[in-house]
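Asks: Turn these sequences into a full structure, and let the hints guide you.
Quick note: the sequence shown, position 56, residue 56 per my numbering, numbers continuous.
Just so you know, the hints here were simulated from the structure itself, not pulled from any lab data. Mixed in with the good hints there might be a few duds.
[What the hints assert, rightly or not] No more than 20 Å apart at the CA atoms, straight line, and that leaves these computed lysine to aspartate or glutamate pairs for EDC-like: (1) Lys54 to Glu127; (2) Lys111 to Asp66; (3) Lys112 to Glu77; (4) Lys112 to Asp66; (5) Lys30 to Asp82; (6) Lys124 to Asp66; (7) Lys99 to Glu56; (8) Lys54 to Asp26; (9) Lys99 to Asp66; (10) Lys124 to Glu11; (11) Lys111 to Glu77; (12) Lys104 to Glu11; (13) Lys75 to Glu116.
[Stated by the list, open to error] Ranges of calculated distance between the beta carbons of each label pair, as one might list FRET restraints: (14) Gly81 to Met147: 37 to 47 Å; (15) Pro46 to Trp25: 14 to 24 Å; (16) Asp125 to Gly103: 30 to 40 Å; (17) Ser8 to Met105: 16 to 26 Å; (18) Lys104 to Asp125: 35 to 45 Å; (19) Phe39 to Val76: 27 to 37 Å; (20) Ser8 to Lys111: 35 to 45 Å; (21) Phe39 to His114: 19 to 29 Å; (22) Gly81 to Lys142: 16 to 26 Å; (23) Trp25 to Ile70: 19 to 29 Å; (24) Ile138 to Glu59: 13 to 23 Å.
A quick note: this is a predicted structure, and the numbers were derived from the prediction, not measured. Note that the Cβ used here is the ideal one computed from N, Cα and C, for glycine as well.
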Amino acid sequence: MSETNRLSNIELMRTLDNAWNAQDWDTFEKRHTADTVVFWPGQVEPTRGRHNHKAESVEFFKTFPDNHLINNPYKVEIAQGDWTCTVAEFTGTMRGPMKGADGKMIAPTNKKFHIEFCTVAHWKDGEIVEEKLFYDLIGLLKQIGVM
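Replies: As structure tokens, then:
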């Protein structure tokens, strides 16, 4: 029996967030369909495709190398049918440059953030087909000193 047949969607979500924390990109990719669609706060167009989502995630770690989702336990975890919703504490420090909304690079501030991070995921056969990410983007930017 495959792992995705044994685990519930909420358990698969936890393994995805564990993979995020460990930068385990193989497991991260296994949890998303090839044509997954990911919606981020402040993003005009969603990210399309597993490869693009992995690439933007790797870039996020370059800016916030110590970022971490506190998912054991989640603050909230809900599963219904093919959907999960999780809320986790999310922390990190801006140690690398970040591209601003205007396309210009912002130098690292070495300041920390601590926010709540909510993921609403639509699952099919053990993979996410659509993911909506919610967090206080303005609060994060203020905490790291770029706003």
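Asks: Taking the numbered hints from earlier one at a time, note which ones the structure violates and give those numbers from smallest to largest.
Replies: 3, 6, 11, 12, 17, 19, 22
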